[in-house]
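Asker: Which chain is which? The protein sequence lines are P and E, in order. Numbering-wise (our numbering), the first sequence opens with residue 42 and increments by one. Numbering-wise (our numbering), the second sequence opens with residue 7 and increments by one.
There's no promise every hint is true.
To give a feel for the contact side, a few chain P residues facing chain E, derived at Cβ under 7 Å [what the hints assert, rightly or not]: (1) G44; (2) K45; (3) A58; (4) A62; (5) E78.
In the DSS-like style, the derived pairs of lysine-lysine whose C-alpha atoms are separated by at most 27 Å in a straight line are [claimed, not checked]: (6) K140/E <-> K45/P; (7) K45/P <-> K63/P; (8) K218/E <-> K244/E; (9) K277/E <-> K244/E; (10) K140/E <-> K54/E; (11) K63/P <-> K218/E.
A few chain E positions that, by computed beta-carbon distances, are all more than 12 Å from chain P [said to hold, decoys possible]: (12) G25; (13) E39; (14) G71; (15) I108; (16) G117; (17) G135; (18) N170; (19) L171; (20) D214; (21) G220; (22) S308; (23) V317; (24) P340.
Hints listed in this document are in silico derivations from the structure and should not be mistaken for laboratory results. All values derive from a computational prediction rather than experimental measurement. We put the beta carbon where it would ideally sit given N, CA and C, even for glycine.
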Amino acid sequence: MPGKLVVVGGGAGGPSAAAKAKRVDPELEVTILEGGEHVSFTT
Amino acid sequence: MEISGSDPLPFDYLMVATGATPRLPGVSGEELEGIFFLRNVTDAIRIKSFIHERMARRAVVVGAGLVSLEACEAFRRLGLETTVIYRQDLPMRRWGEDFAEIILAELETNGVTFMADTSLEGFEPAPSGQIMVKTSSGALEADLVLIGIGVTPEVSLASQAGLNLGPTGAIAVNERLQTSVPFIYAAGDCCECFHRVSRKPVYAPLGDIANKQGRIAGANIGGQNISFPGIVGSICFKVFNLEVASTGLTEEEARNMGLETASATIQGVSKAHVFPGSGELHIRLVADTDSGRLLGAQAVGSDGVVSRINVLATGLSANLSLEELAYLDLAYAPPFSGAWDPIHIAAQKLLK
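All chains should be modelled from the sequences, with the hints used to inform the complete structure.
Answerer: See the structure below:
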C-alpha cells in the first residue's frame, strides 16, 4: 500500500516538500491543505 | 489528522508548513477596515484593490522592517503620501548607524515621511471615513494602514501534536527537517534553522530558506537522506534606488555572543571609477580577532550590493580567512567593479 503524506500549509515550504516527495517516491499519496485562497506563490 | 468540515485524514508522514502569523500591535481599533498586514499574495491583492476602490491617497506604515520599507516603495509608486511610524530613531539599525542613516535618507529623498521615536497608541474611525492613527507624536489621518512589525511562527498545530519547540519559540527540527516526532517534518516560517556562524538555532522566516527546507524534507519523506546545512544569515532588500544586504553576524551580535571582534568599513564604488553609472557602495566586514575568521558583512549602495554579499556569504560557508578574501580571484571588468573589488579593499583594511 502506498505511503500517505499530508502537508499542512500551501505557502513556500509545504508545496516544495510535496513536489519533491512525490518526485522521489511517485507512489506516495500526497495531500496539501491550505486555509487561504492562493497556493504557493514563492515555491 | 482532523480537519474542520472534512473526514479525518490518515497519514504516514506529516509535513508541518504552517508558516507565520503577523504580529499584532495590541492597540485599540486594530481590527478597523483599511488596516492591513502583508503576508501573502492574497493580502497584496486586497491592499491593491482597496487602494484603487477607495482611491486611497495617504498610507501610514507601522514598523520599519523589510516588509514595511518595501511597501513604502510600492505605495509611493502608486502615488500615495506615505508615513512610517517607528519606535526607534533610525530604520534598520542592525546595519549600523552609518548605514541606517543612508537608508533613512533614501526614504526621505523619495518622499517618505519617517516619524522616529514614535510609538503607536491606537486607531479610531475618523469623521471623514478614514482612520485616525494615534501615536506618541500626535494623531494623523490615513486612508490605509499597513502594519509590519514582524511575525511569529504559527505553532498551534505543532503544539497540539506535542512537537518540541526550540529556544526561539519556533518548531525545533534536526538537519533532516524532522521534528521531535520522527515521522512529522517541518519547514519554513514555522520552524527554526541552524545558523552556521553563531552555531545556534535561529528564527529566520524567509521564503528562500522555506523552499530549501521544504525540498529537503520532501526528499527525506520520499526515502532519500539529505541534510540541510543551515544558513549563514544572508538577507537583502531594495528600498527605492538603494540595495541593502547582509550576511553572517553584525559586530554587535558577535560581541553579544562573547566574541572579540574587529571591523572595517569602506566606501567603494560599484563599478570602475571611470565607468558610467558607477555608484557608491559601502561595505562593513566583521571578523573574529582571535582566529581572523570572517563573521559577517553588511552593505548598502546603489548597485552591486547583493553580488558582494553573496560572495561573502560563500566565504562564510567555506570558512574563508580574511587573507583569502583579500586576494580572492573575483571576476573583473570595468562595468562590474574596480580592479580591486570593494571586498578586497575592505578585507585588506581589516587585516591592517
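Asker: Starting from the hint list further up, note which numbers the structure goes against and sort them upward.
Answerer: 6, 12, 20, 21
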